[in-house]
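Please model the entire structure based on the sequences and the hints provided.
Protein sequence lines, in the order shown, are assigned to chains A and B. The opening residue of the first sequence carries number 1 in our numbering; numbering runs sequentially from there. The opening residue of the second sequence carries number 118 in our numbering; numbering runs sequentially from there.
Quick caveat, the hints were computed from the structure, so don't treat them as lab data. Be aware that a few hints might be false.
[What the hints assert, rightly or not] Residues from chain B that face chain A, not an exhaustive set, calculated with beta carbons under 8 Å:
#: 1; residue: Y142
#: 2; residue: P157
#: 3; residue: Q159
#: 4; residue: L163
#: 5; residue: L173
#: 6; residue: K218
#: 7; residue: G222
#: 8; residue: K223
Idealized CB from N, CA, C, for every residue including glycine.
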Amino acid sequence: ETGVTQTPRHLVMGMTNKKSLKCEQHLGHNAMYWYKQSAKKPLELMFVYNFKEQTENNSVPSRFSPECPNSSHLFLHLHTLQPEDSALYLCASSLRPGLAGGYNEQFFGPGTRLTVL
Amino acid sequence: AQSVTQLDSQVPVFEEAPVELRCNYSSSVSVYLFWYVQYPNQGLQLLLKYLSGSTLVESINGFEAEFNKSQTSFHLRKPSVHISDTAEYFCAVSGRGGSEKLVFGKGTKLTVNP
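Okay, structure coming up:
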């Protein structure tokens, strides 16, 4: 595997289910990100991890719970979601901003298309 | 803080026609600028970036963008598009502080018709 991978690619869940999204990066990066992509809206940054430590939580509801066990893996645990949470969830990674010459080039995975019924 | 405006949500063009996708940004500090492309059912891929130096930057597949500081713009152009250029294009900006996050525009859906 190369780059950034995400599983599953598609997920349908009910509002009472618990599920997890997985992201893995094979680029030697140390920062990882979760984004939400909804139709006709800009990408919404949800969470940022630098060296496994959460450095940003962009006012995300607690029904989304991230986990970063190491610099290569990132999870997003989902529970009691709402239909408006249906979206494409994108994971990205980069070298820690400030270490790569000062700019933040992020590499994205293919995303998980989530549908909440 | 930064913001990005992509005025055109959809741009339809015919194959081999020129195209310009507009991007304007606002920022109180100096910035880095990026264009990402998203093909159907895929994640975002970096198309090109402006960091410093020449204000005209080019990608390997014929796209170019010009940083215009006075107009706070970073428009993306291609002189002759192909069907395979059909995708959504996102402009993004980050501050030069080094630890600042990327801020994306809403995207422009480019559709190239035969």
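Item to check | chain A contact restraint for G222/B - C-beta distance below 8 Å | outcome: This hint holds: G222/B lies near chain A, its Cβ roughly 6 Å from the closest one there, short of 8 Å.
Next on the checklist: Hint K223/B vs chain A: min CB-CB distance below 8 Å?
Outcome noted: holds, 5 Å
Item to check | Interface restraint verdict for K218/B against chain A (beta-carbon cut-off 8 Å) | outcome: OK, holds: K218/B within 8 Å of chain A, min 6 Å.
Item to check | Interface hint for L163/B, Cβ within 8 Å of any Cβ on chain A | outcome: OK, holds: L163/B within 8 Å of chain A, min 6 Å.
Checklist entry - With 8 Å as the cut and Cβ atoms as the points, is Y142/B at the interface with chain A? => result violated, 12 Å
Checklist entry - Taking the least C-beta to C-beta distance, is P157/B closer than 8 Å to chain A? => result Interface hint status for P157/B: violated (11 Å vs cutoff 8 Å).
Checklist entry - Quick one, is the L173/B hint okay against chain A at 8 Å, beta carbons? => result violated, 18 Å
Next on the checklist: For the restraint on Q159/B, tell me whether the closest CB of chain A is nearer than 8 Å.
Outcome noted: holds, 5 Å
Hint violations for this structure: numbers 1, 2, 5, all remaining hints satisfied.
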